[in-house]
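Take each chain as given, in its own frame, and dock them per the hints.
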Amino acid sequence: MSFDPQHIRNFCIIAHVDHGKSTLADRLLEKTGTVEARQMRDQILDDLELERQRGITIKARAVAMHYEHEGELYELNLIDTPGHVDFQYEVSRSLACCEGAILVVDAVQGVEAQTVANAFLAMDNELAIIPVINKIDLRAARVDEVLQEMQHSLGIDPKEVLLVSAKTGQGVDQLLQAVVTRLPPPAGDPQGPLQAMVFDSHYDEYRGAVVYVRLMSGRIEVGQKVRFLKAGVTHEVAELGKFRPRMTAFPALETGEVGYLIANIKSLDQVHIGDTVTSVQQPAPALPGYRRPKRMVYCGLYPADGQEFNELREALEKLSINDPSFEFVPETSDALGPGFRCGFLGLLHMEIIQQRLEREADLDLVQTAPNVIYEIVTRSGEVIEVHRPQEVPDAGQIAEFRQPMVRVSMIVPSEAIGSVMKLCQDRRGEPQSTEYLSPTRAMLIYHMPLAEVIYDLHDKLKSVTRGYGTMDYEFIGYAPADLVRVDILVNGKRVDALSFICHRSDAERRGRAVVKKLKNELDRHLFEIAVQAAIGSRVIARETVPALRKNVTAKCYGGDITRKRKLWAKQREGKKRLKSIGNVDISQRAFMAVLESGSES
Amino acid sequence: MSAMESPPQAELHAPAGPRVLPQVRGWLPEPAWRADISSVYVHIPFCRHRCGYCSFTVAAGRDDLVPPFLEAIARELALWPLGPPLKTLYWGGGTPSHISLQAADQLAAELFHRFPADGLVEWTVEANPSDVTDEWCRQMAQRGVTRISLGVQSFDEGKLRFLERDHTGRTAREAARAVHRAGLVLSVDLIFAVPGESLSLWKHDLQEACSLEPHHLSTYALTWEPGTRFYAALKKGRVTAVAEDQEAQMYEWAIEYLQDRGWQQYEVSNFALSGYRCRHNELYWTGGNYLGFGPGAASHRRGYRWMNHRSLWNYLRRLRSGQSPIAEWEVLSPESMARERLVFGLRRCDGVDRRWFAVQTGFELEPFLAPVYDLWLAWGLLEDDGQSVRLTRRGLMVSDAILPELL
Chain A
1 MSFDPQHIRN FCIIAHVDHG KSTLADRLLE KTGTVEARQM RDQILDDLEL ERQRGITIKA
61 RAVAMHYEHE GELYELNLID TPGHVDFQYE VSRSLACCEG AILVVDAVQG VEAQTVANAF
121 LAMDNELAII PVINKIDLRA ARVDEVLQEM QHSLGIDPKE VLLVSAKTGQ GVDQLLQAVV
181 TRLPPPAGDP QGPLQAMVFD SHYDEYRGAV VYVRLMSGRI EVGQKVRFLK AGVTHEVAEL
241 GKFRPRMTAF PALETGEVGY LIANIKSLDQ VHIGDTVTSV QQPAPALPGY RRPKRMVYCG
301 LYPADGQEFN ELREALEKLS INDPSFEFVP ETSDALGPGF RCGFLGLLHM EIIQQRLERE
361 ADLDLVQTAP NVIYEIVTRS GEVIEVHRPQ EVPDAGQIAE FRQPMVRVSM IVPSEAIGSV
421 MKLCQDRRGE PQSTEYLSPT RAMLIYHMPL AEVIYDLHDK LKSVTRGYGT MDYEFIGYAP
481 ADLVRVDILV NGKRVDALSF ICHRSDAERR GRAVVKKLKN ELDRHLFEIA VQAAIGSRVI
541 ARETVPALRK NVTAKCYGGD ITRKRKLWAK QREGKKRLKS IGNVDISQRA FMAVLESGSE
601 S
Chain B
602 MSAMESPPQA ELHAPAGPRV LPQVRGWLPE PAWRADISSV YVHIPFCRHR CGYCSFTVAA
662 GRDDLVPPFL EAIARELALW PLGPPLKTLY WGGGTPSHIS LQAADQLAAE LFHRFPADGL
722 VEWTVEANPS DVTDEWCRQM AQRGVTRISL GVQSFDEGKL RFLERDHTGR TAREAARAVH
782 RAGLVLSVDL IFAVPGESLS LWKHDLQEAC SLEPHHLSTY ALTWEPGTRF YAALKKGRVT
842 AVAEDQEAQM YEWAIEYLQD RGWQQYEVSN FALSGYRCRH NELYWTGGNY LGFGPGAASH
902 RRGYRWMNHR SLWNYLRRLR SGQSPIAEWE VLSPESMARE RLVFGLRRCD GVDRRWFAVQ
962 TGFELEPFLA PVYDLWLAWG LLEDDGQSVR LTRRGLMVSD AILPELL
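Those sequence lines, one after another, are chains A and B.
Using the working numbering, read the first sequence as starting at 1 and increasing by one per residue.
Using the working numbering, read the second sequence as starting at 602 and increasing by one per residue.
Because the hints were derived from the structure by calculation, they are not lab data.
As the structure is a computational prediction, the values presented were derived from the model and not from experiment.
A couple of the hints might just be wrong.
No farther apart than 20 Å at their CA atoms in a straight line, the calculated lysine to aspartate or glutamate pairs in the EDC-like style are these [claimed, not checked]: (1) A:LYS318 <-> A:GLU358; (2) A:LYS566 <-> B:ASP767; (3) A:LYS564 <-> B:GLU931.
Some chain A residues well away from chain B (every beta-carbon gap over 10 Å; in silico) [to be verified]: (4) LEU138; (5) ASP204; (6) ARG292; (7) ARG295; (8) PRO546; (9) THR553; (10) GLY559.
Reference listing, derived: stretches of chain B covered by chain A, where coverage requires no fewer than 3 residues with Cβ under 8 Å from a Cβ of chain A [said to hold, decoys possible]: (11) 779–791; (12) 841–848; (13) 885–898.
Every residue, glycine too, gets a C-beta built ideally from N, C-alpha and C.
Just chain B, same shape as in the assembly (with noise of 0.2 Å):
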């Protein structure tokens, strides 16, 4: 990967070329900045306070910084050629349900002046339950929002504290309501493996969770990211991290309860009645293509991946002075984009259709999976009903060990 530096005097807002904007030029391989992209992310990197397991880009307590943020997604925004119409959006944080309806409604006038909203089948925005409320929730869904994304995370209060959020059980069953009410899609994120949390809570959590009738669910093991508060402090041994095999249990134990209830696992840690997976998501995990926006968003198009400057201060700076937003950008051979779709399809629990990934990447599926087709179809972690090949529950468990030798 090289990182791309554009001169520091850059014309913002010199005129369109016949086919590109030419500000983003030499800032990204030309391939990659085509207008045919129709599922955009904006990061979104305002929050009230850090919870001490966030490694996002977020600027805690900063919403003094919101005007220029707007400021510069504009500009971010305007480097581009206008795009086809949106299929789908996601606001991601961060807690976009932080900033105030005007902010909000700045930025979604942005955006759709560049990609029109007219086709949008799914628009998450991602919350936080205190911000929740039965106006808020009229106001999203009235101006096109179609799914709310609640960052439960737990209904136990001690659990709560633990990860440092600031609402309690009750406000996220409120929350919930009111997403319900409002007739947007309810997604519910929760977090085990927690230190110190039983099997027993965990169970009290989910069952909690089942009876807000969410729509799609999100399920997380606790991660140690390096950089955050609680790795230090997992370093330091002042917490001690769950046991694997308790962590196993507690996720087993989730697969299993949901899947009675009529959830269907679709994904590692995502799970959903029929009809609403996270389309946005999926593209993610398909090899699809979208665009980031915003401190440390992603883009990917055809193999060219890229990311901008993860530092809201850097973003911010940078937009301002007419620098390149983007940090850092490869591209990816034919076939190393075959094998990352191989090894992130294998994350879904749909697998990897043979059809389909021949179409897709131009490569028969057969030779990536050669070398370790035979033993992990013996010791039980793929499957292959001749169609698709999948991970079983036992490959899915331990696939970061495994997913690594098809690289």
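With the rest of the complex left out, here is chain A (with noise of 0.2 Å):
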């Protein structure tokens, strides 16, 4: 069944974590009779195990919805959009597709970050908003303080605000109508060249990628030759279909559409979201907006088991089939052995990942504190990006050294303005604007450096607000910075898992902690350890370990000796497992120590 443009809304709901986006979704499912009730398994969209334990939306999905209203059948797509800021390429690929968005603010929680970060680019695509204001059927309910938010943070009429309880179905009904009446159906020329737009894909093992597109103008039916522009791939379209919410084939799709496309691609590498498929007869311009997935966070994945380095590695590759956006490559580290450096699209990405591999492929890693990109100009000109802290050259090569700068914005009760602000400001945090949403919650925006975010950022905002803070980043530019490497030496040898790059005045402190938990966390050695703290060849702190003065047991009679003996080669095994550098045998318990927490500076 084909519908005309007139009868197709397509729309995406947007919502902070938690405010009830997948409860609603479901509902709207189960009201339009697309899935039964006795079927619906709780949340359907969210069909990854983990995205279920996070209560996260990790990928995109569309479903395809049958609706009457007024004794019209209107087909409603709903596109179901990431809502965290590491995906906002992702999401704003998936807006791009929409007419209109379901704005969904937890009656309770109220306006959080991700709320206006996504309601903004939501607007900045041009799409209707329906605001929702969910769970009002909870008691601490406050509906009315929330519609003021809205208004303030949003610039929401509080007239146009529905009220739902997506876990009750009260004011399912309205919304639905409302998706109707108030988005707009999709425009474009049916009879045009073909413009689909790729906004999501996922791998399946025996058909191969699985294509979401949107139809910006034309057709596409089976047996058609079609490009991928940014790919630059032809391929003969195989299967059409739609979500319903299970695939379902149709030989064609239509201007205004969603649906997938399969045509035999058999590695996501080649799909691109945000690219354009056209017609390879009659070919059209390609889609604006694409961008290559930009990685912003770095970190080290080690199997803890220097064995595992091959399963590891199959794990990621599997991994990656399915989310092309992380990227690994081989590193070896003199403290870790070896193991991959691997580049996320933010934080909750790395964390993702992280936690799948750990899950789906029973691996026990050790991860690296994450770092971001550094660019780096050198004297002779030249630009080059720095992934990791060794490849930092000296410092009389470096002209500029310049580190991602992010918007971030919180919304935090106003009591707490004060400690987000000294928190902010300890972070080179340079304010932009204050904002009160209400009496009691207020919308601070600062720019950082991402390093900044990254290291504790979220952590800390949860801390000093009590667990009420929420936030959100996003990417604004490179900025010239006072930046430098500092390296920790083990006896004058550099340990290079231990280089980290900070800002200047931050160096001295930083390099202080570590060297001095890297102290602690060193046995005593027949001789003497000097551990340093450097930029370059100036040592910025020093602690020293004693030469071992005395390690002898006491007593060793009848029953000691098989016990000692047993112990003492256990020892030895052990020792050989330990690395050694500058003739210092450090524990991998020691290097994770150091590394994982970064330093408690």
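Given below as structure tokens:
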């Protein structure tokens, strides 16, 4: 069954984590009879176990629902969007496939940082917005205040706001009517050349890449030869269809429709979100807005047991089939042995990948402290990208050291404003604006180095606001800063895995913290050990591990011989697994203690 | 190491075979139970109370278990073929001086029934100062005891209290004099590096100990054994161990002080006047053969090592029901045995004699030493006079950190 564009509505739901997006989506599927109530698994759109666990939608999904309004049948395509800033680009592509958005705000929690970020993103994409306050059935619901917050932070007319309880179903019918009446039908020329936007994909072991598309103009049919403009590849369409919510084949898709395309594509590497699919016969220009996904955060992943390197590689390869947005290259650390340098869209993305690795591949991982990508302009004018501290050239060769900056928006209880401002100031934030959403809540906006954000800002924000503060950030560009690479030396030998980049004025404090920590983790040796932090050849912090003076078992009688021999044999085995740097044996545990915590400075 | 369990219904008093008692068959590999061992340890697991640092097998305040214990020891002894005359005998604990004279007599009778006492050159009994009177010493001497190892630990009241000992400095001094009066060899045990202990307190303890003119002195740094109350308190941060440097200072001071006064250090913790080393303990350190009886007692014969169940209750129950008292045994290859002799031999101040080593083990010493020899010499950890190698003072002080490399 095909619908003319007038009877199609493409929309998404945007919300802060936990504000009930998935429950609302479930209710829409149920009310429209797309899924029968008894088949309903809770939150059907979040089909990855991990997503369920975290309550976060990682990948976009698209479902076609049928809904009768005033005697006419409409197709409502719900395009699910990831709710987190790490997937901002993916969100923006999903939004570009919609004409409207349901903006969900929790009746108790109120407007949160991600609500604002996503709402503005939707507005920027010129979507019609249906504002909704959800969870009105809760006793603690404070509908009037939340209305006020929505008005203040987003300029939403309280009269337009629908009151809904996704849980009980209250207000959901009105919401469906509003989707039909308030959202515009898709524009686009059905007779024009084929122009379809790729907004997501997943990998099917039997059929290859399943590409999610929205037809902006023209039509596409099975057997047609199509070209992916950015990927620069041509394929023959093997199957087309819609998600209802299971994949259901159709011979063709028309302008304004949302569905999937299978074309014998062997790898998701060739499927770029934001790419344009067009006809080989009658090509159209690429749609605007395409970008390569930008990895913002890097970290090293090492098997805790050095033996598992190959298992880790296989697991990473398997994961990347379904998520080409993270990348990994092998690297070897003196300290941790062979492992991988991995790039992620952001912190959450990193965490998700790590958890999936540990769960799905049953691997025990050591993750090094995350770092951002720096840019260095050398004296010769060359711009290099630095993914890890070891790649920073000598100070003499650096003309400019740049770091990624982000715009951080935080929504916090009014009484916490002072401590949040202090927190941001400590992390080199520059205040941009402070705005009261209501007498009790305020939105603060700062520009801040991304490195400071990924360091610990989120945890610290939660702690100074007793859990009530939320934050979101977006990349705004690179800016020069007074940065240095700090090396950690053990008996004069650099320990590669422990080098870090930081602001010059923090170098001494952080260097001292790491040196102190490492000192405490090192066992005494037969000789004295110097543990130093240095910028280039200048030592900025030093600790000494004195030589071992006494380590001898006092009693060694009949029964102790066996016990002692076994203990010593075990010690000896253990020592073989230690990394020796400058003759100093450093345990994996020591590295982990220093690496995982960063430092408490 | 494999744990051996016998069928529960094994006969205890089956007729003896030509060479060995059949009861032992299956509990240990055959080469382990030849009747050629002339050194015996008996573990007497009774104490008035358990001190917080003690990890030995002890049933504190359970004197009612002495009779079943004696019965069990008798059964355990009966498992073994008649042995050769004993050369050394060591009664340790627990507190051997805690049991009554009648109990001691009964134990000795059972023991000497299996192992004739005529050739005995050293019989040590560990004693708690509170138990030691002139009469007790006289009785011991009469029975053939040659040596009393007195658990003095300290003369300082505060330190003794911390260690949860039930005697005073005065009691310890009196006990030492009683041992002397009975003409027995006196060995004094001291503990150092007790939380809060200063170097001067330790010096004072050593001086006091020397003034009692013992023939033999053992000075043990306090060890924090897992499973003890002290260990738990340390882990919970309720007490703080003496810092390594301070402990080292105490240890070094003791070595110098005692050497200056004519005691020769012959092992990590042991000092003796000439001719008064503990022969039984030297067996442990040189890879000799010995049998241990009682709960937790360890035995060794030519590379076969085994150990009894540590719990007194298990030990009693098993022997009562005809089960093996042996909890575990292992057999070392000739090479492992040689390495063991080297490692434990280096804890002795005489070191390891090349010829002795070759005769005892069938291996040359050099290949075992080669990987560390140059480095240890260069770092002053080892010295070599061409005949023997020995650890230097510095080597001995850090021996736990270096000896594993020889295993």
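So, going through the hints one by one against the coordinates:
no., hint, in the structure
1, A:LYS318 <-> A:GLU358, "holds, 13 Å"
2, A:LYS566 <-> B:ASP767, "violated, 35 Å"
3, A:LYS564 <-> B:GLU931, "holds, 14 Å"
4, LEU138, "holds, 45 Å"
5, ASP204, "holds, 53 Å"
6, ARG292, "holds, 53 Å"
7, ARG295, "holds, 44 Å"
8, PRO546, "violated, 7 Å"
9, THR553, "violated, 6 Å"
10, GLY559, "violated, 4 Å"
11, 779–791, "violated (count 0)"
12, 841–848, "holds (count 3)"
13, 885–898, "holds (count 6)"
Checked against the numbered hints above, the structure breaks hints 2, 8, 9, 10, 11 and satisfies the rest.
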